[in-house]
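Please model the complete structure; the sequences and the hints are all you need to start from.
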Amino acid sequence: MKIPLLAACILLCTAQLGAQDAETDSNHAGYVPVLSGGIGYISNVSGGTSTLQPAIDPVLLLPLGRHVLGESRAEFVGIFQRRNGNGDYTGQVFSAVDYAQIDWLANTHVIVVAGKYITPFGLYSERLVPIWIATFQNVPLTYSIGTRTSGAGVGGQLRGVVLQTNKYSVQYAAYYSAHSNAYQWEAARTTGFDASVYFPAHRIEAGISYQRFLDPKQINSEAVYLSWQPPKIPLDTKAEYDHSYYGRGYWIQTTYTLSQVPVANSFFKRMELAGRLEQVFPLNGGGHGVPGIDTQRAGGALNYYLKDNLRIVSSYQRQFSSAKDVNVWNIGFTYRFVWPLWPGGK
Amino acid sequence: MKRRRSRYYGLIPIILVAAGVWFPGMRLFARENSGKQTTSLSPENTEKTGEQVFVENCSRCHKPPMTISPRTTGTIVMHMRVRAKLSRQDERILLQYLAP
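Residue numbers (the numbering used here), protein chains in the order written: chain A, 1 to 346; chain B, 347 to 446.
These are computed hints drawn from the structure, not numbers from a lab. Please note: incorrect hints may appear among the correct ones.
Covered, in the sense of this in silico footprint (three residues per stretch, anywhere, with C-beta under 8 Å from a C-beta of chain A), are these stretches of chain B [to be verified]:
no.: 1; stretch: 395-409
no.: 2; stretch: 415-428
no.: 3; stretch: 440-446
Just so it is clear, CB atoms sit at the ideal spot from N, CA and C, and this is done for glycine as well.
This is the structure in structure tokens:
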């Protein structure tokens with residue numbers, strides 16, 4: 001009984017996929033393998049310690065037809081510091097596979113993801129981490145909440161759109177990750193979901209994330225977040241509150257693009273000013289990425305787009321804690337690239 | 347016993363999502379892919395323009411690119427459909443807008 005049912009399901013899916021292919025043929029989009037990603041070079045000074053951080057984060061996209069996509073992102077980051085504080089720069093390059101996954105784009109409501117995937121928790125981990133996207137080059141103080149242990153899961157994920165109208169769109173992601181110690185596939189046993197509602201007319205998105213950490217010690221992590229880009233003002237405000245057994249905290253970031261400056265508009269429209277405020281309060285001693293003492297950070301960023309894919313980035317933040325107050329400076333550049341790996345396409 | 351129970355936590359979101367999304371999804375699946383150019387997911391949904399979909403979705407996370415090579419458009423939009431959880435309808439409108 002089960003085998004004919006399974007065969008019928010496969011046949012139905014195949015027929016539907018064929019119908020979708022026919023529909024997609026009405027445009028001239030090419031589906032060639034693509035090497036994309038970001039390149040960056042950041043000079044960081046934190047508490048008087050200078051660090052040079054060149055980084056290459058290539059993303060490989062391999063479409064298998066119109067409904068299956070293989071994708072992977074690697075990360076090569078150099079950390080170079082002065083020997084004995086004022087000598088030559090020395091250090092090493094770290095490499096990691098951020099994700100390597102197969103996606104089956106079944107329909108609007110269901111995208112099936114299998115492999116190593118970025119943990120969908122909050123706003124930052126999936127969406128704002130790439131160096132060519134990040135307004136501030138350092139992640140928020142609460143970043144480790146909900147992304148332990150490696151920021152990725154190994155297992156399966158379902159994601160997609162629950163409901164979409166012209167007024168709003170409800171999106172979700174739900175996942176299960178197995179424990180893995182395999183090289184470049186490290187992950188903890190976790191499960192959780194992320195759900196958000198987006199109002200396109202007002203460009204407001206509100207969401208929640210939940211994670212149950214299933215390896216010892218079993219804990220819950222939660223996040224609520226908000227994103228707002230008012231349609232008539234070139235402003236982008238994002239905020240997130242995170243909570244777990246080890247701590248709680250928030251960050252709020254606002255970016256303003258100076259495209260409405262009436263003088264020298266062609267110069268100013270490429271410039272963005274940003275501010276970020278963040279606080280974290282440890283619970284039960286903190287740890288696992290959460291600072292062990294109350295920590296606050298406030299600062300601003302000034303980024304300038306030389307081209308839409310090449311920008312100069314700079315930021316200053318002051319970090320306050322009972323242990324020590326430090327200045328955190330970043331200056332450098334980021335570049336986004338998209339290269340087809342196969343000639344042709346339509 | 348406790349360990350066994352914790353094992354099933356992993357199934358909870360999967361079951362919830364399957365129940366909440368897959369079943370209504372199957373009903374809409376056929377309608378969505380029936381070949382009609384004005385596919386809608388709900389009665390009040392009317393077709394958006396490509397520019398609307400592009401601006402509304404891309405700028406939620408990053409500055410929209412000025413140019414995309416038509417050769418790579420299909421692949422990039424597939425990638426963004428997964429990352430940004432775009433609907434099939436938005437994907438189709440985007441492809442038509444970026445590589446007409």
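These are the hints, each one checked on the structure:
no.: 1; hint: 395-409; result: holds (count 7)
no.: 2; hint: 415-428; result: holds (count 13)
no.: 3; hint: 440-446; result: holds (count 5)
Of the numbered hints given earlier, the model fails none.
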